[in-house]
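Line by line, the protein sequences give chains A and B.
When we follow our numbering, the leftmost residue of the first sequence carries the number 1, and every step to the right adds one.
When we follow our numbering, the leftmost residue of the second sequence carries the number 1, and every step to the right adds one.
Derived by calculation from the structure, the hints in this document are not laboratory data.
Please note: incorrect hints may appear among the correct ones.
With the C-beta cut set under 7 Å, the calculated list includes, among others, these residues of chain A facing chain B [unchecked claim]:
hint	residue
1	Thr83
2	Glu85
3	Thr86
4	Leu88
5	Thr90
6	Arg91
7	Thr95
8	Asn137
9	Thr138
10	Met140
11	Lys240
Each residue gets a CB set at the ideal place from its N, CA and C atoms; glycine is no exception.
What follows is each chain in one-letter form.
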Amino acid sequence: MMQDIVTLIQKEWKEVVFRREAGRQSWISLVILIGLVGIYLPYMNGAGWLQDPTALFTWVWVPLFMTNGMIADAFAGERERHTLETLLATRLSDTAILLGKIAASVLYAWITSLVCALVGAITVNVMFPTGGLQFYNTGMFFGGIAAVLLIAILISGIGVFVSLKASTVRQAYQKLSLSIMAIWFIPFILLQSFPDEMQNFLVKVAPMLDQNLSLILAGVFGLLVVADAIMLLLAKKRFKRTRLILE
Amino acid sequence: MTLHNISIKTNDLHCQFGALHAVDGISFEVSAGTIFGFLGPNGAGKTTTIRLLLGLLEASSGSAEVLGFDIRTQADQIRLNCGALLEHTGLYERLSAEDNLDLFGRIWHIPSAERQQRIQSLLEKMGLYERRKELISSWSRGMKQKLAVVRTLMHDPKLVFLDEPTAGLDPLAAANLRDDLADLARQHGVTVFLTTHNLAEAEKICDQVGVINKGKLLSVGSPDELRLKQGTHTLVVVGRGFNDEIMQALRAMPDVAGVELREHHLVVHFTRETDSGTLVQFLAGKGVMIDEVRKGKASLEEAFLALLEEKE
Numbered sequence: 001m002m003q004d005i006v007t008l009i010q011k012e013w014k015e016v017v018f019r020r021e022a023g024r025q026s027w028i029s030l031v032i033l034i035g036l037v038g039i040y041l042p043y044m045n046g047a048g049w050l051q052d053p054t055a056l057f058t059w060v061w062v063p064l065f066m067t068n069g070m071i072a073d074a075f076a077g078e079r080e081r082h083t084l085e086t087l088l089a090t091r092l093s094d095t096a097i098l099l100g101k102i103a104a105s106v107l108y109a110w111i112t113s114l115v116c117a118l119v120g121a122i123t124v125n126v127m128f129p130t131g132g133l134q135f136y137n138t139g140m141f142f143g144g145i146a147a148v149l150l151i152a153i154l155i156s157g158i159g160v161f162v163s164l165k166a167s168t169v170r171q172a173y174q175k176l177s178l179s180i181m182a183i184w185f186i187p188f189i190l191l192q193s194f195p196d197e198m199q200n201f202l203v204k205v206a207p208m209l210d211q212n213l214s215l216i217l218a219g220v221f222g223l224l225v226v227a228d229a230i231m232l233l234l235a236k237k238r239f240k241r242t243r244l245i246l247e
Numbered sequence: 001m002t003l004h005n006i007s008i009k010t011n012d013l014h015c016q017f018g019a020l021h022a023v024d025g026i027s028f029e030v031s032a033g034t035i036f037g038f039l040g041p042n043g044a045g046k047t048t049t050i051r052l053l054l055g056l057l058e059a060s061s062g063s064a065e066v067l068g069f070d071i072r073t074q075a076d077q078i079r080l081n082c083g084a085l086l087e088h089t090g091l092y093e094r095l096s097a098e099d100n101l102d103l104f105g106r107i108w109h110i111p112s113a114e115r116q117q118r119i120q121s122l123l124e125k126m127g128l129y130e131r132r133k134e135l136i137s138s139w140s141r142g143m144k145q146k147l148a149v150v151r152t153l154m155h156d157p158k159l160v161f162l163d164e165p166t167a168g169l170d171p172l173a174a175a176n177l178r179d180d181l182a183d184l185a186r187q188h189g190v191t192v193f194l195t196t197h198n199l200a201e202a203e204k205i206c207d208q209v210g211v212i213n214k215g216k217l218l219s220v221g222s223p224d225e226l227r228l229k230q231g232t233h234t235l236v237v238v239g240r241g242f243n244d245e246i247m248q249a250l251r252a253m254p255d256v257a258g259v260e261l262r263e264h265h266l267v268v269h270f271t272r273e274t275d276s277g278t279l280v281q282f283l284a285g286k287g288v289m290i291d292e293v294r295k296g297k298a299s300l301e302e303a304f305l306a307l308l309e310e311k312e
């Protein structure tokens, strides 16, 4: 099973990330992203970047961009290019195909985030030297890369659903982008719709949250883990070879 | 014949989509190491049958075994031991030919050295080795088709399903592929299940053919058997002295479907099996000098068309 998953990851990366027909174009977006998150933002923020929670926030955005395109292409792209049926006619199990597709996009996003973080640290060390090696706050660094992983899995899980149903990559991409925007903005919209008393209460309580930040982050991580598990289980249930041919 | 010698066995297999019976109770057997041609017009149920046999679709009822494995419960074993070229070539156009074959070699867990060796020998055999590094998207349809056939054979399957394998190939490449398929079956014992619209091709290489239309299997047998079944309705008379009057008289006869005069040959098509003596007597009476009378041997194409017409 592991060998099959690795085979699919390699295939997805060769086909989507390192595709030759796109030439340099396939690298440009990646270079721009790393340049922005790994060089420009740390440079603008100075040495404090390595201790600034804003850095963590920018890493979290990376999987939103990186996972989106690849997972939208996962099944809708195979269907559009008439390769899905041939893939389904191989010895690969349903689980291997599903996990291979998800792992390809999750790892792509996660590695890109990690590269952004490391390039950011190098930028700070080069541009704002202090005589010693500067690095992120340990908790923030590991928390950040764990959050990126969990968010990438969540988006991939949602993406599989969308990609399985969509007949074209463009359709899958649009639906997935809308889904992600909805997930991102729904909490803010919900907050706005709360009655004034509740909003005032939250404003009063907010400063107290700082004192329990670790607890809150643990709760968020817990929620993400549960959401990931649910999405993966639902995706597994949804992925049925005999249904895919007909859709 | 023991089950061991049978590669495919279907029993009253049905596949229904709503009110449409895509496959309607087909039963047939394909012996191991033979080439079975599945013939039928577009939408007859050929591709659906292949999908059922590979476990890519669920049968509504009936049963089938492929290489001794049940299509409902052991489809993964079927796919492990079979190769398939389906409706589309299924090639990854953003990858090179070499990468495409390498991917499928990896999927079947072929060790690296063996994989490279096999890729080289298969591509050389098909005359594609020099272009192995090129992206598939730049290739002609015929080249893609050749590569798709090569990919099907990468893992030495015991049974290959080929949906229109020679579509898009030039006559020489098609002839070479037919030879390769025949060699696969005769020398290596691989069973080949192919669908084709090219009846001349089926006639040349298939040991057995099945004719399917509207989901129903109309006939199964060797091409000769099929031709014989349908060909008995034609008589060919070689001689001299045919004229318009005779032709018209023949056309007016009951059971005569058509009369054609070719150079010194009179071809008479009957609507049912007819005694040749009556015709000979009639022609002799009209002064025709008869050299030879033989029962017409229909081509597979004629037999196929007659079969479809008969069952309409």
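Structure-based check of each hint:
Taking 7 Å as the C-beta cut-off, the interface hint given for A:Thr83 holds, the closest approach to chain B being about 5 Å. Look at A:Glu85: its Cβ gets to within about 5 Å of chain B, closer than 7 Å, so that hint holds up. Nearest Cβ of chain B to the Cβ of A:Thr86: about 3 Å, under the 7 Å cut. The hint holds. Checking A:Leu88 against chain B: minimum C-beta separation of about 6 Å stays under 7 Å; hint holds.
A least Cβ separation of about 5 Å between A:Thr90 and chain B falls short of the 7 Å threshold, and the interface hint therefore holds. The interface hint given for A:Arg91 is met, as the beta carbon of that residue sits about 4 Å from the closest beta carbon of chain B, less than 7 Å. Because the beta carbon of A:Thr95 sits about 11 Å from the nearest beta carbon in chain B, more than 7 Å, this interface hint is broken. Restraint check, A:Asn137 versus chain B: the minimum CB separation of about 41 Å is more than 7 Å; hint violated.
Because the beta carbon of A:Thr138 sits about 39 Å from the nearest beta carbon in chain B, more than 7 Å, this interface hint is broken. For the restraint placing A:Met140 at the interface with chain B, the shortest Cβ-Cβ distance is roughly 38 Å, beyond the 7 Å limit, so the hint is violated. For A:Lys240, the interface hint is violated, since its Cβ never comes within 7 Å of a Cβ in chain B; the closest pair sits about 9 Å apart.
The structure fails hints 7, 8, 9, 10 and 11 (numbered hints given earlier, in ascending order).
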